[in-house]
Every structure is written in structure tokens, then in C-alpha cells.
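Engineer: The residues making up each chain are set out below.
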Amino acid sequence: MRLHLFRTSTFRFALVYVGLFATSALLLLGFIYVTTAGYASRQTDEVILAQIAGLAEQYRQRGLDGVATTIAQRAARNPRGHAVYLLADPARRRIVGNLDRWPREAVEPGWVEFLIEDPDTQGEAYRARAQFVQLAGGFHLLVGQDVQEQQRHQTLMISAMAWGGALTLALALIGGLLMSRATLQRVETINRASREIIRGDLSRRMPTRGTGDEFDQLAENLNAMLDQIARLMDGIRQVSDNIAHDLRTPLTRLRSRLEAARLSQADPAMRATIDELIADADALLSTFNALLRIAEIEAGRRRAAFEAVDLAEIARDAVELYEPVAQDKRQTIAADLASGAVAKGDRHLLAQAVANLLDNAIKYSPEGARIAVTTTVLPAGPVLSVADNGPGIPAEFRDKAVRRFFRLETSRSTPGTGLGLSLVSAVAKLHGARLALEDNAPGLRVTLAFEQKQGGAAIPI
Amino acid sequence: MRVLVIEDDPDAARFLVKGLKESGHVVDHADNGNDGLFLATSGKHDVMVIDRMLPGMNGLAIIEALRKEGRRTPVLILSALGEVDERVRGLRAGGDDYLTKPFAFAELLARIEALARRGEAETPKTTLVVDDLKMNLLARTVTRGGRSIELQPREFRLLEYLMRHAGHVVTRTMLLENVWDYHFDPQTNVIDVHISRLRQKIDKGFAQPLLHTVRGAGYSLHPPR
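First to last, the sequence lines map onto chains G and B.
According to this note's numbering, the first sequence holds residues 2 to 462 in order.
According to this note's numbering, the second sequence holds residues 13 to 237 in order.
Because the hints were derived from the structure by calculation, they are not lab data.
A virtual CB, placed ideally from N, CA and C, is assigned to each residue, including glycine.
You may find that some hints are simply not true.
[Unchecked claim] Simulated crosslink set (SDA-like; lysine to any residue; CA at most 25 Å straight-line): (1) K364/G / D204/B; (2) K330/G / R184/B; (3) K216/B / H234/B.
[Claimed, not checked] So the derived label-pair ranges between C-beta atoms look like this: (4) T250/G / R101/B: 15 to 25 Å; (5) I237/G / R227/B: 35 to 45 Å; (6) L409/G / G36/B: 41 to 51 Å; (7) S195/G / R211/B: 52 to 62 Å; (8) R26/B / D283/G: 13 to 23 Å; (9) G36/B / E321/G: 37 to 47 Å; (10) L264/G / L103/B: 44 to 54 Å; (11) D276/G / Q220/B: 24 to 34 Å; (12) R84/B / R404/G: 42 to 52 Å; (13) N148/B / S195/G: 54 to 64 Å; (14) S195/G / P136/B: 50 to 60 Å; (15) R13/G / L103/B: 30 to 40 Å.
[To be verified] Some chain B residues flagged as far from chain G (calculated, every beta-carbon gap over 12 Å): (16) D40; (17) K146; (18) R237.
Given these sequences and hints, build the entire structure.
Structural biologist: Written out as C-alpha cells, the structure reads:
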């Protein structure tokens, strides 16, 4: 099956990375905010405090008049400016300063913020921050600064940071997605090659880019492993080919000698015996040939001969071939063959597989049984099935039934090599088709489900 | 007829040569590819049996060389290779038939005789006649002794193949390959069942049977002797 982007570990890593990245970006932005905007407001406060300290010094040295004079001078320099000065009597009536009246907000000594109406700009108010101190003798002093600009800066900065943060996050997310997709693509190429190999194409190798990066190294290691497997499999094949060849040759010779002996034998009783011997040799040879053929199919070397094959046609031919055999056992074969059940495959192997299934159905079902051959077209692909209402195979033996030489105890007396279903299984595997043995209640139902799409096929177990 | 056998295995060669001679044929034998090709180019053989794997020059190369020279002598390829693709490769190289070892001698004999006949009567026929059995290939009708016989399409093809090889042995494998296009041995001998059906239709109710079983080999359709 294909990997889904959001379920991959690279994507999760990317998400964790985005989280970490976002946290550090937020910390950084917070730091910048504190050191810039915070610095500006601290600076304002320090200027105000310094001015107050200066004025308090004036007051101590020159009394109220001195302070009033200084304030008047400064207010004159700053009629509507950024600095706020106001000296008031104990009843908070204005003595001198650039404010018309004592602001309502300044109740207790300490820091206070308030709005000042600007007569020049008609109702426009600006924000000021001031320190309110009580001088000895009950006089009130208010020194402050216009912080409107500063606050505007602050809000501007906060919104810039919010946008910046959001943009960073979005970019990190996109970057993470792209990165994990790039990684995923490389993993997917390796997976695709693996699937081809599992399906039998052992000559395939993992693609490399030649960059020598970790994926290349992984691919190269896998390739080295595959080379090793191929060598081992070649070794096994060689051994089994040798065994088959070594045993087949004397068997062949045995058979030819028997045939030669039969030709020159006049005694009919002797000829009959030789005929039986030849039949025995043939049975041995046919088992050998079946084994070798299965081995050959499993080696997957026949995929080159694949073409579009109409399963209905294959099934129709097999039914036609076997119908007389079934009729001799008073069995009926019902064919329900949907057209369009086309699979990519090897015509001869598929024909042999279907023939084997029909052969089994007829052989293992009693007289009068009903056999059904169907082809259907499902969205996933064409399906071919052969079902009978015979004794079936108990559930616990169904997995074993496709193994070589497996035969149910009850069917030992029936002729056969025990290789029929093994061959069907090998053919199914070669075609990437799913072979299933099911309960037909009563009887056995064997289905071969093909994948329509070539390449993205499921891997049969 | 004159048969050329190119086979390196001495046992197999002796068996083939002996069998063919006993069946009344003249046999030449070569045990390697080079001698084989030399004999084959003499052009005096009716049919050749060539092993796929030979010392000197392999069987397919010999066939290709012969075909390039324009020699159409029918060739039966023998092979120990179990590979199914080998058959296709052999026929593509110019072979006319392919037989996997081990084989029954009767099978080989039936096949090379069929191959040798192929060259003889290649004039298109519209009717096939064996004794009083007549097949009209155009109307696709069959009669015996004037009586019409109903045949299924596959039975028609089976009978047609038997009639085209009338008087000769036809093996079960030959029938499977040529009538059903099946290139494997079915577990059950299905051919026997089809033959017995056909026999029911063409021989039942007639004094003389035409379709005969040849023990250890196959079947033969021929007039009463």
C-alpha cells in the first residue's frame, strides 16, 4: 500500500520541528519587543523622574517661586509639546503649567495616564503619562510626557510581530510539508522498487541518485542485500535444476529403454507389464515436470509474456474442455461469464490454472454435484471463481491446501499429484492476484481476484 | 522418409535412431552442431530432429542458419529445458514443433510424420473424405454414409484435425495443442472423454469403426483395413 503523507514519520518530525521553531520564534520576538518597546517606555519614565528630581531640587533651594518659574519657562518652550508640566495648589487649582486644569485621573501620587484634549486639532486627544508628586506644603506637581507616538509604535510593533510570527509559522509548515514530501518521495521510490521485487522481479534494483546521501546509502545497502539474495537463489535454482536434471535424465532413459523393450516384445502379458512400468515412469516424470514448472513460475521469469487476457474466454475454453468429464460424473457446470473481465497475464498459465481448478472441482465432488464457474468485474479488478457443492476443505486446512503435495486424507485415494493448487497459487502470485479458498456452504469456492491497475497491485500473501 | 537426428547424448541418440529405423525410416545422425549443420545443408532430408543444446553450435543457431539459406525442411526441436518460454523461442527461431524431454517415442514419431506430411498436400481443400465419412469445410457439415452428423464447434475441429491426419497416429498432446491450443498436460485425461464422445457420433450405428485407439500412443482415424 502507498504511504500517506500525513501518516509518515517525516511529516510528524516536520510538525515537531515546526512546533519547536514556532516556540523559539515567539521567544525571540518577545525578547525583541521587551528590549525595544520596553526600552522606550522605560526611557520616558526615566526622563520624567529626572525632571521631577530637578524640580524637587529647585523647590528645596528656591521654593515655590523657583519651581513655578522653571515650569513656566519649560511650558513656554513646550506649549503643546511632548512634555507636560503642571503645578497646582493643595486644592489642585492650576498655578502654572501647560495644562489647563488638573487631570481627573491623577488622584493619588504616583504614575498616571490620561488623555489631553488638543485644542489645535479640534477634539483630537493624545495620551500622556505622568508622575504626580506632592511637594512639601501641599502643592501638587505633575510632570509627564506625551506617549501617544510611543503607544502607536507599540501597537504597530505588536501587529508586525503577530504577522511576522504567523508568516514564519506558515513558511515553516510549508517548508516542513515540502521537506517531508521530498523525503517521502525518495522512500516511495524504494518502496515501489521493493514491491516489484516482492512480486518476483528480482532483477530490479533500488534507484540511486549518485549523491551518496543517506538514502543512496540505504538503497545501495538494500541492493547489496538483493545481490546476495539473487546469488543465493541462483545457487538454489542451480541445485534444484541439477537435481531435476540429474533425476530426469535417468528416468527418461528408463522410459526409453522400456519403450524399446516393448517394441521388441512379442509376449502380450510382458507387454502389459511394460505398459504399466511406463505409466509409473510417466507418473514420476509428470510430478517432476509439475514441480519444475511451479519453480519456474515462482521464479517470475514469465512476466515478459504478459498480454491482455479475457478471463471469460479462458474460462469458457476450460469449461468446454471439461464439460464431458463432468457429464460422465453426472455433474453440471454452470458458467456465468461477465464480459470485460480482462486481466494482464500469461494466457497459457491462466488457462492451466483454471483447468486445474475445474479438474479439482470435478475430481473431489461427488456424482451429481453442481459446479459454477463465474467471472465478474469488480471496481478493484476482474474476479474469476470456481465453486462446487462437494465436501469442501475444512477451514483449518485451507491455508495448507496450496502447499506442495498437500492432500486431504480423505482424497488420498483419488489420483493426483497434490500439486494442482500449488500451481494455481504460483500463477496467482505471478499475476499479483489474490487466491482465496472459501466455504461455499456446502463445498469449496476458489476465487482469483486480479488487480486492474498494473503497478499499484496489492501484494498477495 | 529420410530423417536427420542431431543429438549429442549417446543414449538418447541410439534410442532415437533405433526407433526411427524400426519404424521404417532412413536415419542420419550427427552428435555435434557443426557436423549437424553440414549434414542439414545437404538438403536430402524430409524432416530433422534437432536438440536444443549441442556442443559446437546450438540447435537454434543451426535452424536460423538453415532458414537464412532458404531451406524449409521441417524441424522438430528437442529440449530438456522445462522453461515454457523456450518453446516460443524455438518456434520463433524457425522450428516447426517443439518437444520437451522426456517424451514417449510414439509422441516423437507421430509428430515428425505429421511434420513431413505438412509439406506434401498444401493445396487448400474444401472437403475431407475418409471412407464414407465426409466433411465439408465451407458449409461446416459432416455426413457419414449420407447420414448427417451434428457436431459441436470443438468436435468439428477435433474431427477435422483427425481427418487431415487420417491414416496416421495423432497423440493426445498433439490434439491438446492443435485443437485446444493448450500447452500443458491436464491432470485428468480429458482428451479420452472428448474422443469417446466423437466416437459415439461418427462410429455408433455403423458396421466399421473409423476412429481407433493406438495403444501407448494416441488415436488414428482410418478406413477399415
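Engineer: Of the numbered hints stated previously, which ones are contradicted by the structure, given in increasing order?
Structural biologist: 10, 15
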